[in-house]
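S.K.: So you can see what is in the structure, the chains are spelled out below.
Protein chains: 2
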Amino acid sequence: MSEQPHLSNWSCPLPLRDYPGIVLGHGGGGKLSSELVEHLFLPAFKNEALANLGDASVVSVPPGRLAISTDSFVVQPLFFPGGCIGDLAVNGTVNDLAVGGARPLYLTVGFILEEGFPLSSLAMIVDRMAAAAGNAGVQVVTGDTKVVERGHGDGCYINTSGIGVVPHGVDVGPAKASPDDVVLVSGTIGDHGMAVMSVREGLQFETLIESDTASLHDLIEQMMAAGGSAVHAMRDPTRGGVASSLNEIAKSSGVGIVLDEKALPVRPDVQAACDILGMDPIYVANEGKVLAFVSPDAASQVLEAMRKHPLGMNASIIGRAVNHHAGIVAARTAIGASRVIPMQIGEQLPRIC
Amino acid sequence: MSEQPHLSNWSCPLPLRDYPGIVLGHGGGGKLSSELVEHLFLPAFKNEALANLGDASVVSVPPGRLAISTDSFVVQPLFFPGGCIGDLAVNGTVNDLAVGGARPLYLTVGFILEEGFPLSSLAMIVDRMAAAAGNAGVQVVTGDTKVVERGHGDGCYINTSGIGVVPHGVDVGPAKASPDDVVLVSGTIGDHGMAVMSVREGLQFETLIESDTASLHDLIEQMMAAGGSAVHAMRDPTRGGVASSLNEIAKSSGVGIVLDEKALPVRPDVQAACDILGMDPIYVANEGKVLAFVSPDAASQVLEAMRKHPLGMNASIIGRAVNHHAGIVAARTAIGASRVIPMQIGEQLPRIC
Chain D
1 MSEQPHLSNW SCPLPLRDYP GIVLGHGGGG KLSSELVEHL FLPAFKNEAL
51 ANLGDASVVS VPPGRLAIST DSFVVQPLFF PGGCIGDLAV NGTVNDLAVG
101 GARPLYLTVG FILEEGFPLS SLAMIVDRMA AAAGNAGVQV VTGDTKVVER
151 GHGDGCYINT SGIGVVPHGV DVGPAKASPD DVVLVSGTIG DHGMAVMSVR
201 EGLQFETLIE SDTASLHDLI EQMMAAGGSA VHAMRDPTRG GVASSLNEIA
251 KSSGVGIVLD EKALPVRPDV QAACDILGMD PIYVANEGKV LAFVSPDAAS
301 QVLEAMRKHP LGMNASIIGR AVNHHAGIVA ARTAIGASRV IPMQIGEQLP
351 RIC
Chain F
1 MSEQPHLSNW SCPLPLRDYP GIVLGHGGGG KLSSELVEHL FLPAFKNEAL
51 ANLGDASVVS VPPGRLAIST DSFVVQPLFF PGGCIGDLAV NGTVNDLAVG
101 GARPLYLTVG FILEEGFPLS SLAMIVDRMA AAAGNAGVQV VTGDTKVVER
151 GHGDGCYINT SGIGVVPHGV DVGPAKASPD DVVLVSGTIG DHGMAVMSVR
201 EGLQFETLIE SDTASLHDLI EQMMAAGGSA VHAMRDPTRG GVASSLNEIA
251 KSSGVGIVLD EKALPVRPDV QAACDILGMD PIYVANEGKV LAFVSPDAAS
301 QVLEAMRKHP LGMNASIIGR AVNHHAGIVA ARTAIGASRV IPMQIGEQLP
351 RIC
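Quick mapping for you: the protein sequence lines, in order, are chains D and F. Residue numbers for the first sequence follow this note's numbering, beginning at 1 and rising by one. Residue numbers for the second sequence follow this note's numbering, beginning at 1 and rising by one.
Read the hints as simulated data drawn from the structure, not as lab findings. Note that the structure is a prediction, hence the values are computed from the model and not measured. Watch out, some of these pointers could steer you wrong.
Claimed, not checked - Derived lysine to aspartate or glutamate pairs resembling EDC-like cross-links, with alpha carbons at most 20 Å apart:
id, chain 1, residue 1, chain 2, residue 2
1, D, K251, F, D171
2, F, K251, D, E38
3, D, K251, F, E35
4, F, K262, F, D275
5, F, K251, D, E35
6, D, K251, F, E38
7, D, K176, F, E48
8, F, K251, D, E48
9, F, K31, D, D280
10, F, K308, F, D218
11, D, K31, F, E48
12, F, K46, F, D127
13, F, K31, F, E114
14, D, K31, D, E115
15, F, K251, F, D180
16, F, K176, D, E48
17, F, K31, F, E149
18, F, K251, F, D171
Stated by the list, open to error - Partner residues are not named here, just some residues of chain F that face chain D (Cβ under 7 Å, in silico):
id, residue
19, V59
20, V61
21, R65
22, D96
23, H152
24, V170
25, P174
26, R239
27, E347
C-beta: ideal position from N, C-alpha, C; glycine also.
Taking the hints into account, I'd like the entire structure generated from these sequences.
M.R.: Structure below.
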């Protein structure tokens, strides 16, 4: 993805001012701030709630419980194969809502920009955010921009927060996993982390490893339609990968988990990149995959629904919840031995999202 | 305010690990991340929704329209007379909801921490956030922490997003200001900006200038109770000060505004600091003041309700909306002349909130 100027989402006159980059004044609440809002954010994210420009946006929500989520994004580099910090920020929060069983509705966006950050890069990020939001059927209803001096940021940090409505009767969560649940994953693991790391480390493969960043709301809706209340827990395995998400679920629900290591879907180029860097794909971040704990009677329908969806074509059964070794994730290795998959202390890959 | 360790809000065992400061792993989604959550954030912000530790928190809201708001905070220094980035971040988002006529309910918190940031400072910030949230009657229901390498941040950046419920029949907003509306301000202006600037510039006065950071929800509730639908528009004049907020209201509603410059309440020490630094208090940020546009028949009741409240004791009538010079803010000066108060291009004071 090139960083050429891409100003289709600007309206006049902001690009006509003689600032090729962000200046402190863009975060000052004066004319420069309002130009950024009026000529970049409003045209890109257009909707009525945003256009009112109040300190808060007022929206209507259907009756029901609300899911609320927040995530900050500090990924480096800002642009990587398959995506950028912009779509990552939208998809990440949409997915956090979706795995909670919610239909995502509204997002807020907070930028912390570094003085000198090119307006053309900001325009491109905003463009990708608007496309991702459109794709996920969510509206960006309010936002905020702050600017810090050169040397106190890294170009662009983004916070997205989101709300969604949890339909009546839906009750999924990490604590609801039960012994005997079948563990499913929606596709190959480690793609996002290795896409970012290949750029950072300058690794070249015959194929380009692309981030899997995607909004999972529609896939998850199909899974819920197929499995109903048999879908107990879901998680999108981002930072810390499948291993961390499974450990969190094991800890919250008190089940043990036995993984079948051979069943974990990994792209050969991702495996090769992991081997070179000395990493295990089970700890590498995903940005468009979901893990699901489903009761055994419904697992095959849910798996079938996943495989029919473009984002779930490589869905697989990867393990089982058990009622021994509570809170522990174990894997049966390819040679038939067992090993514990612990939660890591820190992380293998800093600033992956 | 000292930056001495202040660990009343920690539970074991996090402070016992040998990290005096934040390390990259605290943002990695592994054990260090969960220790931060379990031993600092959960005890400080304790509530049921947060304790579930899902990717999203599920909450109930009373029926009605929702107000949604987001704000990132990059203030320097992090601790200043009268407050710190923590209470500022909570009060700022609470106030954005309150001026929209909403009753604030839930907050999300996103931290971007710099490697090496002292855990004791983080503990103190979180403590102040919890106190401010308790004060405003809001719950912090979900959060996120990212860590960036040394030299890519400034200790601590915070995003807060919030939702509140807008009671039936309430309809206030910057576009609702009407000609003849009386313009009220709840107290002295410029306190926050000058508190921060005095620290940055090393200014010393006989009295200590303290930030006015405060949650305005209760004051605003009293104003709405006194004025009802006669309260047309409100705004908390933060970045860019009273001048910017009035310009925004004039622009959205199409009224003109005439200010009585003598009527603007300014503390003598704030005025002195502004004079030294060559600033006009009308452009200086406030973090605990509200501007209100109220129809003339209700203005005195609203003023009286404000003055009865501890945060509105110095409330004053400072001007009038008029149906000429649409979109323009003008001031009658002390010597009887008129001057236009324009929106500034950038800002006088970078990183004030």
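S.K.: Each hint: holds or not?
M.R.: Going down the list of hints, with the structure as the test:
1. About 46 Å separates the Cα atoms of D:K251 and F:D171, which puts this hinted pair outside 20 Å; it is violated.
2. With a CA separation close to 13 Å, the supplied pair F:K251 and D:E38 stays within the 20 Å bound.
3. Taken as a hint, the D:K251 and F:E35 pair is honoured in the structure, with Cα atoms around 13 Å apart against an allowance of 20 Å.
4. Proposed proximity of F:K262 and F:D275 is supported: the alpha carbons are some 16 Å apart, at most 20 Å.
5. For a cut-off of 20 Å, the pair hint linking F:K251 to D:E35 stands: about 13 Å separates their Cα positions.
6. Taking the CA atoms of D:K251 and F:E38, the gap is near 13 Å; set against the 20 Å cutoff, the hint holds.
7. Restraint check: the Cα-Cα separation between D:K176 and F:E48 comes to about 16 Å, which is no more than 20 Å; the hinted pair holds.
8. The straight-line distance between the Cα atoms of F:K251 and D:E48 is roughly 17 Å, inside the 20 Å bound, and the hint therefore holds.
9. Between F:K31 and D:D280 the alpha-carbon distance is near 17 Å, which keeps this suggested pair within the 20 Å criterion.
10. As the CA atoms of F:K308 and F:D218 are separated by approximately 12 Å, the hinted pair is consistent with the 20 Å bound.
11. For the proposed pair D:K31 and F:E48, the alpha carbon gap of about 42 Å is over 20 Å, so the pair is violated.
12. About 12 Å separates the Cα atoms of F:K46 and F:D127, which keeps this hinted pair within 20 Å; it holds.
13. Taken as a hint, the F:K31 and F:E114 pair is honoured in the structure, with Cα atoms around 18 Å apart against an allowance of 20 Å.
14. Our distance criterion of 20 Å between C-alpha atoms is met by D:K31 and D:E115, whose separation comes to about 17 Å.
15. About 16 Å separates the Cα atoms of F:K251 and F:D180, which keeps this hinted pair within 20 Å; it holds.
16. A C-alpha spacing of about 16 Å is found between F:K176 and D:E48, which places the hinted pair at or below 20 Å, so the restraint holds.
17. Taking the CA atoms of F:K31 and F:E149, the gap is near 19 Å; set against the 20 Å cutoff, the hint holds.
18. At roughly 18 Å between alpha-carbon atoms, F:K251 and F:D171 fall within 20 Å of each other, so this suggested pair holds.
19. With 7 Å as the threshold, the beta carbon of F:V59 comes within range of chain D, its nearest partner Cβ sitting at about 5 Å, so the hint holds.
20. Taking 7 Å as the C-beta contact cut-off toward chain D, the hint placing F:V61 at the interface holds, the least distance being around 6 Å.
21. Contact between F:R65 and chain D, as hinted, is supported at the beta carbon level, the nearest pair being about 5 Å apart and thus within 7 Å.
22. Below 7 Å, beta-carbon pairs count as interface contacts, and F:D96 has one with chain D at about 4 Å; its hint therefore holds.
23. Proximity of F:H152 to chain D holds as hinted, the smallest CB-CB distance being about 5 Å (cut-off 7 Å).
24. Below 7 Å, beta-carbon pairs count as interface contacts, and F:V170 has none with chain D, the closest being about 9 Å; its hint is therefore violated.
25. This hint holds: F:P174 has a C-beta 6 Å from the nearest C-beta of chain D, less than the 7 Å allowed.
26. Hint on F:R239 holds. Least Cβ distance to chain D is approximately 3 Å, under the 7 Å limit.
27. Evaluation of the F:E347 hint against chain D yields a held restraint, the C-beta minimum of about 2 Å falling below 7 Å.
Checked against the numbered hints above, the structure violates hints 1, 11, 24; every other hint is satisfied.
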